[in-house]
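Quick mapping for you: the protein sequence lines, in order, are chains A and B. Going by this note's numbering, the first sequence opens with residue -8, and the numbers climb by one from there. Going by this note's numbering, the second sequence opens with residue 101, and the numbers climb by one from there.
Be a bit skeptical, because a hint or two may be false.
Facing chain B, a subset of chain A residues (Cβ under 7 Å, in silico) [stated by the list, open to error]:
1) Lys23
2) Ile181
3) Ser345
4) Cys346
5) Arg353
6) Glu354
7) Gly355
Hints listed in this document are in silico derivations from the structure and should not be mistaken for laboratory results. Owing to the predicted nature of the structure, the values given are computational and were not obtained by experimental measurement. A virtual CB, placed ideally from N, CA and C, is assigned to each residue, including glycine.
One letter stands for each residue in the lines below.
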Amino acid sequence: MGRKLLLEHINVPGINTFDVYRSKGGYASVEKALKTLSPDDVVEEVKKSGLRGRGGAGFPTGMKWSFLAKPEGVPRYLVCNGDESEPGTFKDRYLMTHIPHLLIEGMIVASYALGAKTSYIYLRGEMMPQIRILERAIAEAKNAGFLGKNILGTGYDLELYVQPGGGAYICGEETALLESLEGKRGNPRIKPPFPAIAGLYGCPTVVNNVESIAAVVPIINEGGDEYAKIGIGRSTGTKLISAGGNLKRPGVYEIELGVSVEDFIYGDDYCQGIANGKRLKAVVAGGSSVPILPANLILKTINNENRLMSYESLSDGGFATGTMLGSGGFIAYDEDQCIVRNTWNFARFYHHESCGQCSPCREGTGWMEKVLHRLEYGHGKMSDMDLLVDVSKKIEGNTICPLGDAAAWPVASAIRHFRDEFEWHVTNPSVAVTSNYGLAHYADPLPKPEAAEA
Amino acid sequence: MKVTIDNISIEVEAGTTILNAARMIGGEIVPPAMCYYSKLQGSGGKCRTCLVKVSQGSEKDPRPMPKLVASCRTTVMDGMVVQNITSPEVIEARKGVVEMLLINHPLDCPVCDQAGECHLQDLGYEHGAAKTRYEFDRRTFDKIDIGDKIQLHMTRCILCYRCVFTADQITDHRIHGILNRGDHSEISTYIQKAVDNDFSGNVIDVCPVGALTDKTFRFKNRVWFTKPVEANRDCETEGCCGKVTLWYKGEDVIRVTGRKDEYGEVEEFICNTCRFDKKKTADWVIEGPRKVSNKSVISSNHYDTLKPLPVVKTNPALQEANKEQFERETRL
Chain A
-8 MGRKLLLEHI
2 NVPGINTFDV
12 YRSKGGYASV
22 EKALKTLSPD
32 DVVEEVKKSG
42 LRGRGGAGFP
52 TGMKWSFLAK
62 PEGVPRYLVC
72 NGDESEPGTF
82 KDRYLMTHIP
92 HLLIEGMIVA
102 SYALGAKTSY
112 IYLRGEMMPQ
122 IRILERAIAE
132 AKNAGFLGKN
142 ILGTGYDLEL
152 YVQPGGGAYI
162 CGEETALLES
172 LEGKRGNPRI
182 KPPFPAIAGL
192 YGCPTVVNNV
202 ESIAAVVPII
212 NEGGDEYAKI
222 GIGRSTGTKL
232 ISAGGNLKRP
242 GVYEIELGVS
252 VEDFIYGDDY
262 CQGIANGKRL
272 KAVVAGGSSV
282 PILPANLILK
292 TINNENRLMS
302 YESLSDGGFA
312 TGTMLGSGGF
322 IAYDEDQCIV
332 RNTWNFARFY
342 HHESCGQCSP
352 CREGTGWMEK
362 VLHRLEYGHG
372 KMSDMDLLVD
382 VSKKIEGNTI
392 CPLGDAAAWP
402 VASAIRHFRD
412 EFEWHVTNPS
422 VAVTSNYGLA
432 HYADPLPKPE
442 AAEA
Chain B
101 MKVTIDNISI
111 EVEAGTTILN
121 AARMIGGEIV
131 PPAMCYYSKL
141 QGSGGKCRTC
151 LVKVSQGSEK
161 DPRPMPKLVA
171 SCRTTVMDGM
181 VVQNITSPEV
191 IEARKGVVEM
201 LLINHPLDCP
211 VCDQAGECHL
221 QDLGYEHGAA
231 KTRYEFDRRT
241 FDKIDIGDKI
251 QLHMTRCILC
261 YRCVFTADQI
271 TDHRIHGILN
281 RGDHSEISTY
291 IQKAVDNDFS
301 GNVIDVCPVG
311 ALTDKTFRFK
321 NRVWFTKPVE
331 ANRDCETEGC
341 CGKVTLWYKG
351 EDVIRVTGRK
361 DEYGEVEEFI
371 CNTCRFDKKK
381 TADWVIEGPR
391 KVSNKSVISS
401 NHYDTLKPLP
411 VVKTNPALQE
421 ANKEQFERET
431 RL
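Take the sequences, apply the hints, and build the full model.
Right, dumping it as structure tokens:
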């Protein structure tokens, strides 16, 4: 089992309180950053660490920070994106519930680096317990002099606020989040201008995922270079993976990037294999919006190399045979799961969560949902698969925000890899409603021509 | 700044959008726009019909843009090369967008007052397929009266947000907005509150489809049977220009609208008094007939057919009634 940087003290009783957290070395990074480093030094350390955004897109955090415009006399904001609502992802909620002070510590350091005097933590409306936990933690930190005016006597002021959202998935998109934070309808903005130029209230803003901000703490404590040694290639550091589905031991794991997928699913330190002695059929590796892969392609890449839990290895093969690390929502499906039903379920989610701004996404998600519903309930046609692929192509890339892409990818990839199962639903409609297709050839060792050609 | 659209170059000012640059060139290469409205700040970017391909970002950075961009909200860079109708990718994507716009549209053009001046109709005619691949029930809503002069028929709406921007920017306070999300979102007022202010009628003019219609004109006539005449009056309402188009049926003014340019955008907004209450020729100073593009169906009745219809030739009563026209035919 690899090193833990974020969840090291997760099992210490009372770690959610300031005193216990402080006694375990908490808030050391705040002292180090505010007293010995300049804001630019902090940004430089984060750049050196190679930390990539943990929210899904994987954009280098240090780079994002250095893009922030710094005009005179205009406030800058740091916004923490805690709107985690991707089906399959629950790592941020876990982190905020159990070690809220880690996030607050990261927020202080990151705000200092960016020169923000006011920072916000935007949480999904359903996370009411976490909002209370964070607010209590903020009050504790403020009491101890880590927030408010003149932090630790360094002259740096910071106010931190927790803002609950209304519970819409779309508000996890950074510009929609900013709209929602401003009190408006959570519609994504058209970019450019990017938030780094004109974000919250028209001021330069950085929006970071909860985990990205928490990861700043070990980076400052140990130095960017040390952090960069963990992991593999350009995927540095550790990543929280929320493992769910038919696993023997699902839950939130902190892995060093570069663990092999096989090890992650079957290893004793991790998920310990598939529950009830069944076999693995498919995996969604990074939350519902990334392409789904059959068992054979998730364990090995198309070149028959071991697939690793890293940004590069998971996306090896592009969209034809690869997927994405995304936000780390790892969902495993055993042989008894129906991919058509799962795809319909995802499509239903995106239909429900589309904001309705761009016509392709507004109308297309609903269309895909209806066609998939028809397929799942045995009224499908052979032409439906091509129709779905075509509709998903018409949505993909033609929308303001990535929700359109996120809605299109699971459908397109499910048909690409599991076309047999979709066709079986059409040819055996009465059987398909009562039983399911089973494992078929989806776990056969590679190379398989149908997988290679797809 | 120099920008090249479909191999035609033009010099434009910095900050101009691709769409506006294309409109300066004019003609076939102008991307269609359903939600963008040059008079409304912040409009555009939503309908995705104006997607274009940027095959060269700028002189300095010649890389192409990775995705198709909404031309109404993308500003030009020096040396930018844009492909609109010359790119099959754009045509394909636009066809997709038109299909998406139409899958929940009722296609009730035969009974819709907007028919003949509807942008969606034009767009569907140009880019749409003859048949739909959508085999499910279309989304429907009940008709709502917002005030006594405007009717909202949400079923036809394409959610361009133009009327929301109008209410925001032209009228003194915002009265309606979007409720709900995704394909069940709808334009509505707060608990069906009446829209009541001097400029609310402009939402009818900005609506690209027949979702917001003038109740004083509803079902009175087809637009292509009416004759548009430009007129003006001294309007006391602050902010109203008093320059309008009167739509005549015979001697009667049956509708008053703002003057729309070739892209369907009003030149200046008019007040509700001009729009709804001044329907007598005596109220107006007539400027002359309005020029209508000969591509528009509205112009079809404004150039008399030289040859009378067959039914006229066989019916003596009709022949008598059309005597004048027969004389003209022989004269020509």
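For this session: Tell me if A:Gly355 is really an interface residue toward chain B, meaning its C-beta lies closer than 7 Å to one of theirs.
Result: holds (6 Å)
Exercise. Does A:Arg353 meet its interface restraint, that is, does its C-beta lie within less than 7 Å of any C-beta in chain B?
Worked result: Because about 5 Å separates A:Arg353 from the closest Cβ in chain B, which is inside the 7 Å limit, the hint holds.
Problem set entry | chain B contact restraint on A:Lys23 - CB to CB distance below 7 Å | At about 39 Å, which exceeds the 7 Å cut-off, the nearest Cβ of chain B leaves the hint on A:Lys23 violated.
Exercise. Quick one, is the A:Ile181 hint okay against chain B at 7 Å, beta carbons?
Worked result: holds (4 Å)
Exercise. Given A:Glu354 was flagged as interface, is its beta-carbon under 7 Å from a beta-carbon of chain B?
Worked result: holds (4 Å)
Exercise. Can A:Cys346 be said to touch chain B, with a Cβ gap under 7 Å?
Worked result: Cβ of A:Cys346 sits 6 Å from chain B, so the hint holds.
Problem set entry | Interface restraint verdict for A:Ser345 against chain B (beta-carbon cut-off 7 Å) | holds (4 Å)
Violation of the numbered hints given earlier is confined to hint 1; every other hint is satisfied by the structure.
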